[in-house]
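Enquirer: If you read the protein sequences in the order shown, they are chains A and B.
With numbering that gives the first Met the number 0 applied, the first sequence covers 0 to 199.
With numbering that gives the first Met the number 0 applied, the second sequence covers 0 to 87.
Please keep in mind that the hints were generated in silico from the structure rather than gathered at the bench.
The structure displayed is predicted, hence computed values, not measured ones.
One should not assume that every hint holds.
[As the list claims (entries may be wrong)] What follows is a list of derived Cβ distance ranges for each label pair:
| id | chain 1 | residue 1 | chain 2 | residue 2 | range |
| --- | --- | --- | --- | --- | --- |
| 1 | A | ARG129 | B | PRO7 | 34 to 42 Å |
| 2 | A | SER54 | B | PRO7 | 49 to 57 Å |
| 3 | A | GLU93 | B | ASP25 | 15 to 23 Å |
| 4 | A | SER79 | B | GLU83 | 18 to 26 Å |
| 5 | A | ALA104 | B | GLU30 | 24 to 32 Å |
| 6 | B | PRO7 | A | ASP63 | 44 to 52 Å |
| 7 | B | ASP25 | A | PRO60 | 23 to 31 Å |
| 8 | B | ARG34 | A | HIS56 | 43 to 51 Å |
| 9 | A | ASP63 | B | GLU83 | 22 to 30 Å |
[As the list claims (entries may be wrong)] Computed from the model, here is a short list of chain B residues facing chain A with C-beta under 10 Å:
| id | residue |
| --- | --- |
| 10 | PRO9 |
| 11 | ASP21 |
| 12 | GLN47 |
| 13 | SER50 |
| 14 | GLU57 |
| 15 | LEU64 |
| 16 | PRO66 |
| 17 | SER69 |
| 18 | THR79 |
Note that CB positions come from ideal geometry on N, CA and C, so glycine has one too.
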Amino acid sequence: MPASSPDEPSGRDAAFAREALPWMDDVYRFALSLTRDPSDADDVVQETYLRAYRSWHTYTPGSDCRRWLFTICRNAFLRSVERDRPTVGLEDVERDVIGAGEVYAAALEEGYTDLYARADIGPAIERAVRELPEPFRATLVLVDVEDQSYESAAEILGVPIGTIRSRLFRGRRLVQERLLAHARDLGVVGDRGPEARETP
Amino acid sequence: MSGSKIPPLPPECLEVLKHVWDYLDDQLTDETTERLRAHIAECQGCFQYKSFQENFLEAVSTLRLRPGASPELREKVLGTLRTEGFAR
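Hey, can you work out the whole structure from these sequences and the hints?
Expert: Listed below in structure tokens is the structure:
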């Protein structure tokens, strides 16, 4: 029996099942990072796959299907929100990088340098990322969680690479600040022991 | 930087401080990458700072292990696609 052509309905569906459907977990995680609500994320994923199926003829077989789905997902999300999205001013990238250095200096002083290696840090990281304001959250999730390159993230979010860099660095700094605050709130004992926390 | 907890640093350490994420993200030129790599290899403070940031990125990347789409969502998506003619 000859193989069906990608242009025939059965070949088209087989290609869609093979290339697009396996990425549903990734699309869901990205959708959840955008919506911050599981039910809304479900709706965005459904809309994403519906649009992807209808537009499958525009997809180039063998290209980066996950990136293509992320782009559709982001557009589906933007259309799903009627409200104005909050804007956050972008400050100088260097300030964010130095800010991250200050988090480290504080962690060093207070004995928290092993903070990120702790087995119980996962939920705190998840919460810190979920609470990040947009547009930093989507950028950080794409690059640091979904392992997209700066170039891919720029294409998905429709912004220049320099903007990805500045949003990413801000997002990382904000997450680090929240994790340090989390450690302080819980009285997590750092790698220098409890006596280190008594140092002014 | 006014009020900064960071003490004055030698230029080589300041360069690591400013570019550690670019370094870890492989966004620097070969020449700069090599310069930072050589300094980090011989400076304990910079090595520890690089490790701190490396551990942070590794910890964030573990969010990828979170649960993805539920079986119910998969069924819903497939059901929606079938109304469009999807035959799988």
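Enquirer: It remains to establish, for every hint, whether it holds in the given structure.
Expert: For each hint, the structure was consulted:
1. A:ARG129 x B:PRO7: 34 to 42 Å: Hint holds: Cβ distance 37 Å, inside 34 to 42 Å.
2. A:SER54 x B:PRO7: 49 to 57 Å: Hint holds: Cβ distance 56 Å, inside 49 to 57 Å.
3. A:GLU93 x B:ASP25: 15 to 23 Å: holds, 20 Å
4. A:SER79 x B:GLU83: 18 to 26 Å: This hint holds: roughly 19 Å between Cβ atoms.
5. A:ALA104 x B:GLU30: 24 to 32 Å: With Cβ atoms ~28 Å apart, the hint holds.
6. B:PRO7 x A:ASP63: 44 to 52 Å: holds, 45 Å
7. B:ASP25 x A:PRO60: 23 to 31 Å: Since the Cβ atoms of ASP25 of chain B and PRO60 of chain A sit about 29 Å apart, the hinted range of 23 to 31 Å holds.
8. B:ARG34 x A:HIS56: 43 to 51 Å: Distance hint for ARG34 of chain B, HIS56 of chain A holds at roughly 49 Å.
9. A:ASP63 x B:GLU83: 22 to 30 Å: holds, 23 Å
10. PRO9: Interface hint status for PRO9 of chain B: violated (14 Å vs cutoff 10 Å).
11. ASP21: At about 8 Å, which falls below the 10 Å cut-off, the nearest Cβ of chain A leaves the hint on ASP21 of chain B intact, so it holds.
12. GLN47: holds, 7 Å
13. SER50: holds, 9 Å
14. GLU57: It holds, given that the least Cβ distance between GLU57 of chain B and chain A is near 7 Å, below 10 Å.
15. LEU64: holds, 9 Å
16. PRO66: holds, 8 Å
17. SER69: With a minimum Cβ separation of about 8 Å from chain A (threshold 10 Å), the hint on SER69 of chain B holds.
18. THR79: The hint holds - THR79 of chain B has a Cβ within 10 Å of chain A, the shortest such distance being about 6 Å.
Of the numbered hints given earlier, the model fails hint 10 alone.
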